[in-house]
Structures are given as C-alpha cells and as structure tokens.
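Residue strings, one per chain:
Number of protein chains: 4
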Amino acid sequence: MANFKGHALPGSFFLLFGLWWSVKYPLQHIWKKRQHGRRQDLPLLSNKIDLIEGIIKVFFAFVGIMAEQFVPDGPHAHLYNGDWVKLMNWQHSTMYLFYGISGIADVLSMSPLPVPAGLDRFALSLALFIEGFLFYFHVHNRPALDQHIHSLLLVAVFSGSASTMLEVFMRDNSLLELIRSSLAIVQGTWFYQIGFVLFPLNGEDWDLESHGNIMFVTMCFCWHIAVAFLIVGINYTVVWWTTKKFGERHKANTEISLRKTTYTDSSSQKALLQESDEES
Amino acid sequence: MANFKGHALPGSFFLLFGLWWSVKYPLQHIWKKRQHGRRQDLPLLSNKIDLIEGIIKVFFAFVGIMAEQFVPDGPHAHLYNGDWVKLMNWQHSTMYLFYGISGIADVLSMSPLPVPAGLDRFALSLALFIEGFLFYFHVHNRPALDQHIHSLLLVAVFSGSASTMLEVFMRDNSLLELIRSSLAIVQGTWFYQIGFVLFPLNGEDWDLESHGNIMFVTMCFCWHIAVAFLIVGINYTVVWWTTKKFGERHKANTEISLRKTTYTDSSSQKALLQESDEES
Amino acid sequence: MANFKGHALPGSFFLLFGLWWSVKYPLQHIWKKRQHGRRQDLPLLSNKIDLIEGIIKVFFAFVGIMAEQFVPDGPHAHLYNGDWVKLMNWQHSTMYLFYGISGIADVLSMSPLPVPAGLDRFALSLALFIEGFLFYFHVHNRPALDQHIHSLLLVAVFSGSASTMLEVFMRDNSLLELIRSSLAIVQGTWFYQIGFVLFPLNGEDWDLESHGNIMFVTMCFCWHIAVAFLIVGINYTVVWWTTKKFGERHKANTEISLRKTTYTDSSSQKALLQESDEES
Amino acid sequence: MANFKGHALPGSFFLLFGLWWSVKYPLQHIWKKRQHGRRQDLPLLSNKIDLIEGIIKVFFAFVGIMAEQFVPDGPHAHLYNGDWVKLMNWQHSTMYLFYGISGIADVLSMSPLPVPAGLDRFALSLALFIEGFLFYFHVHNRPALDQHIHSLLLVAVFSGSASTMLEVFMRDNSLLELIRSSLAIVQGTWFYQIGFVLFPLNGEDWDLESHGNIMFVTMCFCWHIAVAFLIVGINYTVVWWTTKKFGERHKANTEISLRKTTYTDSSSQKALLQESDEES
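Chains as they are written, first to last, in my numbering: chain H, 8 to 287; chain C, 8 to 287; chain Z, 8 to 287; chain G, 8 to 287.
Keep in mind the hints are simulated off the structure, nothing from the lab. Here the structure is a predicted model, which is why all the values come from computation and not from measurement. It cannot be assumed that every hint is accurate.
If chains are identical, the list can't say which one is meant, so a pair holds when it fits in one copy or spans any two.
Here are the simulated DSBU-like cross-link-like pairs (lysine-lysine), alpha carbons at most 35 Å apart as the crow flies [unchecked claim]: (1) 93 <-> 12; (2) 252 <-> 55; (3) 31 <-> 252; (4) 252 <-> 40; (5) 40 <-> 55; (6) 55 <-> 39; (7) 55 <-> 31; (8) 12 <-> 31; (9) 55 <-> 251; (10) 55 <-> 12; (11) 39 <-> 251.
Kindly produce the complete structure, drawing on both the sequences and the hints.
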C-alpha cells in the first residue's frame, strides 16, 4: 500500500509492540525477583500475558493479511491470471504470515506441550529476517532517497533479527530484551518517517535525488535510535519506580494487618519476615 | 546435469534427509529422557541408527559421484585433454565428495575411536559450505532469473552450514536440530522448484528476465520456508504423540504383568515405581 | 571541520581514552586479585574512577557538540533554512551525542540503580557503531586516497564496536579490554594520520589518486596497529611491575610495624599471614 | 617476490606449521589425559615445546623480513626516495612482522608473567587477519585468474583467522585445533598451487582470462581442503595409535619391574593400580 497509511499501519504495530515490551520485560524481571518470597499468582499472570500477546500477534497478522488481500486495489487472493497479480500486496501478506507464525510459536511455547526451548524467539527472529529479506529485493530501481530510506529500515530489521536470535541462546537477558524493544520502536517510528518523506502530508515533495536529503535522513535515523533508547529507559525507570512504591505501600498494609493477627501463628510470621528481607 | 532430473535427484536426497532428521531427532530426545528409567537397549539402537545414516550418506555420495562421472555425456573420469572436460560434472562430483566425507565423519564419531567432539557436525557444515561455495562461482553469466533462483538456494545452503556449525559447540540443542531439518527440506523442495522453473514440465518457458518472475520467486522461497517448518512441526507432534500413546499402552501392559508377579520381589517393584515417576 | 585540527581533536580524545584504559584495566585486575586479602577501600576507588570516567565522557561529548555547532562556520543550531545547514557538523554532533549517551550509561551502571548488566559496554559499542555508520555514508564522492584512508578508520571503528559488544557478554575479560584499549589508540593515531595526509603541515599535498599512496597507507595502518599493541603491552608491564614493587615495599613496611606490635593480637597476625599468602 | 620461489617460501612455512600442529595437538591431548596418573614431566615438556615453537616463529619472521628487505631487488630498508620504494616487499615484511609478534606472544604466554589468557591465539588470529587484509588490497588491477586464485587464498586465511579467534574463547578445543592445522596446510599447499599456476615450471603459461581455468581452480581449492583434512586425520590416527602402542609396552615393562619389587611397598602398588585404571 504505497501511501502514508500503508506505512503508518505497520509502523503503529511495531511501535505498539516496542512500547509494550519496554513495559512488560522490566515488570517480569521484578516479578521474578519477588517470586521467591510470595505472590505465586503473578508468574501465572505473566504466563497469561505472554499467551495473550501471542494471540494478539496472530490476530494482527490475520488482519494485516486480509487488509493486503482485500483492499479495493488488492489481489483478492488471485495470484496469477496471465501475469502476476499485485505482487507487492502478496509480499506484504507473506511478511504478515511469518509474524502470524511467530504468534503461534508464542502460544505453543506457553502451552504445556514439550516445545523446544527458544522456539518463540527463533520464530520472531525468522519473521524479522523474512521481512528484511523481502524488503531487500523490494527496493531496486527506485529513486536514490527512496532506496536509502528503506535500506536504513533494513538496518533496524536485521539488527532486530540478530539480537532476537541471540535471545534464543541467552534467554531472559535484560539487555537483549531492551535492545529488542528499542529496535521495534525504531522500526515503528521509522515507518512513520518513511511515510512523511515519501508521501508528505503537507504536499511539498522531497527531492528524491538530493545528496543533502540522503545525508539528513541517515543522521535522522540515528536520532530515532537515540529517542527509542530514551523512551525505553524512561519506561524502565517508571516501571521500577512504580513497583517499588506499590511494593512499599503493600508491605506497609501487610504489616498493619500483621499487627492485628499477631501472636497467633509464628510460622506465617517467619514467612513474612523472610519476604521483607528479600524485598529490601 | 542441466535438466529437470539433475535437480530432482539432489532435491530428493535433501528432502529425504530433512524428513528423516525431523523424525529422528524428536525420537532421540524422547529416548534420552526415558533412558534414566529403563530400556537401556534403545540408546544403543539410536547409535546404530546414526551409524547406518552415515553409511547411507557415504553410499549416496558414491552413487552421486559415479552418476556425474559416467552418465553418457559425463567426463568419464577425464579431467584434461587440451581443455578442461565437463567441469560442471566435476564440480558436482566434488560436492558429493564432501558429503561422502561427512558420512565418514559420522561413522567415525559413532565408532569407539577417540574422535574430537563435534567432528560429524563440522564435516556436515563443511560439506554445505563447499556446496554453497562452488554454486556461488557457478552461476555467473546466466539470465537474471536463473542467477536469482540459485542465489536463493545459497541462502538455504549457507544458513544450513552456519546452523550446523553452531551445533558443533551447542550439541543436542533441539531447536538447532529442527532448524537443520527444516533447511534440508527447504533445500530439497527448492531444488525441485528450480527444476520446475528452468525446465518446465509443461513446456511453457518462463521469461528469465522478467522482474515480476523474480519478485514471485523471492516470495515463493519464503513460502517454502514456511511449509518446511510446518512439516517439521507436524512430524515433531506426531512423533511426540505416538511415543506418548505407545508409552502409556506399554506402561499399562507392564502394570498388568506386574500384578501377576506381585508380592515376589520388592526391589524390582521399586525400580518400576521409579520408572513411572520419571515417565509421567 | 575539514582541517588538521578537526582531525587532531577527536584523535586526541580517542588516544587519551585508549592510553587511560590501558592503565586502568590492568590496575583494576590487580586490585581485584588483592581484594580477597585486604584493602577493601580500593574497589570503591575503582568504582569512583569509572564514575569520573563517565562524567568526563559526558563533558567531552558536550564540548564536542558545542564546538561543532558554534564554531564560526558552524550551523549555530540551525538545521534547515530552505536547504540543510552544515550537515557535516550536524553529523559530527550526532556522533558526540552517542558518546555522551555512553557516558550517561557509564554513570548509571555505577549508580545503585538496577541497571541491566552490560548496559555501559553496549552503549559504548553503539556509539562506535553510530560513528562508523555515519562515516560510512560520509565519504562517497571523494578522491580515492581520501575514501581509502577513511575506510581504514572504519576498520578500527567497527572492530572496536564488535569487541566492545563481546564485552557485554564476556565481562572482565582482560584480553577484550586490552583489544578495546588498543583499537582506541589506533583510532586516535589514525585520526592524526588522516590529518597529516589530507592537510599536510609542510604544505606538500599528497597525490590523492596515486595507487602507491594507497598501498603505503594500507600498510601504514597495520603499523599503527602494531604500535598500539606495543604501547598497551608496555603500559600493562609498567603497571604490573610498579604495583608489584609497591606491593612488596608496602608489605615490608607492614611487616616492620607488625614486629613492633607483635605478641599483642594473634587474630590480626593470622589475617596478615593470610594476606601475604594471597599476595605471593 | 613475484616468482615461484616467492610463493614456495611462505607456502613451506605454513605447510610445516600445519603438519607440526597436526602432530603436536593430538599428542598434547593424550599427555593431558595421562597426566592425572603419572609422568608429571611430560606437561613440562609440552610447555617447552610451545616455547620453542614461539622462538622458531620469531626466527622465521625475522628471516622473512630480512629476505624481503635485502634480496638483490629489495628495498634495502629504504621506504621513500621521491616515490615509495618496492612497496610489495614492504607489505610482505609487514606480514612477517605480525607473525613475529605472534611468536613473541607465544613466548610470553609460556613465561610465568601474568599475560592475559588467550593472548597467543589472539596474536596469531591478528597475524592471519593482517595477512588477509594486506592481500585483499594487493590484488586489484590484475588478470582475472590471478585475482581469483589469490581470493581463494583469502578464504583460507580469513577462515583461519576466525577459527583461531574462536580458540581465544574456547581454549583446548580439539576440533578447533585440527581446523587450524588443516587451514594452515591448505594455505601452504595453495601457495604452491599459486606458484605452479602463475609461474609454471614447465614454461607453458596458463590463460589468465579463461573461464574454464577459473572454474577448475575453484574446484581445485576444494580438493586442497579435502587433502588437508585427510592429512590431519592420518597424523591424528598415527599419533593416537603410536602412543597407545608405546603406552602398552611401557605398562608391560612397568608390570614386569613391579613383579620383581612386589611384596615390598603396598602404597606404591596402590598408585600403580590407580594409574592403570586411568590409562585403560
């Protein structure tokens, strides 16, 4: 869909997932630390969240495929009638298909089935690789700036694929998760940037052969990276701060209720002491 | 052998090995889990299977070399008579040679000799690398679609070589084994696809310079990947399901025979309890 | 800043950091070894040094950005007025920005906040990557020697980025730290070399298209590498030798003071014996 | 030195080292296994061998530099007199220099100094990288076959550099040591092959632009790889077989002398029993 909306849609998907991950992973790490003390229900919640994420991914991929196929000027599931029909839409459908597979892998990994460790991360890495792979052969024979701005997208896509592949072997590495979140945000905002440059909303077309524009766009990509890491850093801090505040208030409440029921059961008291040790 | 059969032959080899691996590895992992309880004879069987696989590999490689050398229009073991004789066939023979070496490495690794750990995987990775390496210099000066469709083969070949190299250092990683199986299937089906495109059975030649054909073929390669992972996933599930069913029936049988011989030997009873603990 | 000073300034920064690291890391490793015995105050000092290093990095990055923006022929914070304003200076500012971010990551990693492990190394690796990334698109459409001499800089920059990325996962690896120090020195001296070649101080311009000059410059880059490793090796030896001498004199002093206070406390004696065991 | 001897000299060096390593490493692994039982003098010998190897490397590098500088048509240590003097010889000298540095690193690693772990492997990897790096810019503007045959050398050189770099982090990995040995042999025999092709001894010049020759040479490189692995495999087997035979005869001798001195000391008997357990 070669217009602004066609870039805003996938951009929003990636931005949404990037932001969501930048909140989810710090939260999960904090929960994991606390799990030793109490609140055995939270890890279950954490598993459920991953399951829902997988289902949403499958749903989004399905919506994406349907949109690409059945927009008014789409191929309507026809592939060949003398010549290939709307291959661009078919390629986009293929990209969505692999994100759908990644969603299915997420769901399977959360199921009690004996799925190989790391399948979910591998499927995501593959989806990113396929996206980059199809884009790579996508952008030949276009104006210089158009090619360049898409190549920069590939830097985010392939870096994301590589860092996610590392997660297959180094699971639960906080840093790799934050890198993945940041690169998803970069991809999201860069899709918007491509939309703004190639289909400017104010109608003033960019000179697609200007060397100055290419230099600016390269530098602008670096700024997107800086902003993405800033956003992830802020979310990380907010999550950490909030859970700390909440944890303290909760502890205070527990201590009050403890005083009421005190002198009754020494074993529960021990457990609580142990918990507050681990939380401090 | 530049015809349909010349692509179907290696395609069938890779497809066969890919399918076989996608059954063998889940089976071996399930056996390994059960090994702790009982059935000490199965790992021995598992070793024997690997040995037979190596011997079959050597045999196939030998057949491949002989076929390339002694087909009617082959070089018949002549390399140089004023000019190089049928270098294409010699290159294919070289590829088969390295798969033969990989088979020998498999056999040696199963032998009681003190072979360095990971030699079998390294030899397979090398064979894939040599295949890709020779293909890489193979496809210059050909029409655009011919070059492109062979380049896509290289993606599967070099990915396979890289993932097998990882197995040298991360042995018995379920995911890497499934990736290798999938990439072997992709290679197999893609050899068939090359055959269908370059030597169409219905006689309608493809336009080898059309950009649309190149775009379709790129996307089609992604579909092959998706199908390969689907096949491996199905095989994995079937194996897991079957062994579970078989395991339960077997356990039921054992429990019946146990009741008959009960009250006789308390130590054997303990062993059986232990076994069912580990199986559940 | 396309003149000699514009290359001497960043060159000096990198040279300074390379030399400093080649002293700091051996020192930290020696301190860590001794820490088991005594001198619990030194690790604290070591942490403070890292903190100060981070603050200096932020300060240098700030100075660099200001210099690039507000030199007489700089953009003075204007980005666009009909056309892009002084993009070269903006690109350099962007490079400094990421080194500033790396400095902030250093400070955060030394703070008591729950920062993900390896963030400081990742931020440094990213800063090096961004530097190389911007330089890569920087040097098109220039004379052959100019392009080549900048490409060689990229070898040092990307190798530094890769080796620093490895440090994220292999922390406190002496060798990787020495490699990073050496590559920083290489980058520093090579910036000077670029300055000498492109803006010769004696006024005799180099022939920027000569193949001989390109061959010499390539070889000269290797000499820079050899010299950088030599410098790092000498610093390593001097640090090791000095701390050994100092450690022995210190031990001798302690033994003298021990004799004076002898026969008084047997537990302190034990601690000292233990310490000298660990130091020998 | 653009003649047959100029390729035979470095070829012989690499061949020699490759063959030597293919004997040394299996021997060291066998010694290490036995070390637990007895013969504490052998590891010392093993260290001495590494030391001597380092010294020989330094000596060879020195000879190489001197030969390149002071052959009749060499630069005689002159670098610039109006134009660059014999840059080819200077580049070769630079290559030898880094192998000399690698020799020094070997010697230092065997010394009692606190050298960072893996320095010897890193220095060797760097020497190989520098060799490949200089060759890469060495072969422009030459006939097609000349370029191609040197590019193939680079495959062996950079693979060797990469596998040696892996050894920095995975020390004493039998397989990596065998790969390094094989790649050194490949490099050695390929230098000879380059000599045979570019400066044929029988005087019949090869057509340097023929596509057939390029195809043959590519395939021939694969044969060199196969032969190198065969040689390393044979050496490995011979070493293993010989030490086993020797070990058995030695054990038999010990048992005879044991019988003579029997009934005398029960503690020495125990030690011997323990030893034979570990050897079997």
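> Using 35 Å as the alpha-carbon threshold, which applies to residue 55 and residue 12: within, between, both, or neither?
Replying inline: within (32 Å within a copy, 51 Å between copies)
>> At most 35 Å between CA atoms: does that hold for residue 252 and residue 40 within a copy, between copies, both, or neither?
In response: Within one copy only: 16 Å inside a chain, 39 Å across chains, cut-off 35 Å.
>> Cα distance capped at 35 Å. Does residue 55 pair with residue 39 within a copy, between copies, both, or neither?
In response: Both ways: residue 55 and residue 39 sit 15 Å apart in one copy and 31 Å across, limit 35 Å.
> Under a CA distance limit of 35 Å, which applies to residue 93 and residue 12: within one copy, between copies, both, or neither?
Replying inline: both (18 Å within a copy, 33 Å between copies)
> What label fits residue 40 with residue 55 when the C-alpha limit is 35 Å: within, between, both, or neither?
Replying inline: Both, since 18 Å and 28 Å are each at most 35 Å.
> Between the shortest in-copy and the shortest cross-copy C-alpha distance, which are at most 35 Å for residue 31 and residue 252: within, between, both, or neither?
Replying inline: Classified as within; 18 Å inside a copy, 38 Å across copies.
>> Checking an output row: residue 55 and residue 251, CA cutoff 35 Å. Within, between, both or neither?
In response: both (23 Å within a copy, 27 Å between copies)
> Is it within a copy, between copies, both, or neither that the alpha carbon of residue 55 lies no farther than 35 Å from that of residue 31?
Replying inline: Intra 12 Å, inter 33 Å, cutoff 35 Å: intra and inter.
> With identical chains treated as interchangeable, where does the CA-CA distance between residue 12 and residue 31 reach 35 Å or less: within a copy, between copies, both, or neither?
Replying inline: Close inside one copy (28 Å), not across copies (48 Å); limit 35 Å.
>> Regarding residue 39 and residue 251, is the shortest C-alpha distance of 35 Å or less found within a copy, between copies, in both, or in neither?
In response: Intra 14 Å, inter 32 Å, cutoff 35 Å: intra and inter.
> Given identical chains, is residue 252 near residue 55, meaning Cα to Cα at most 35 Å, within a copy, between copies, both, or neither?
Replying inline: both (24 Å within a copy, 29 Å between copies)
Hint compliance for this structure: no hint is broken.
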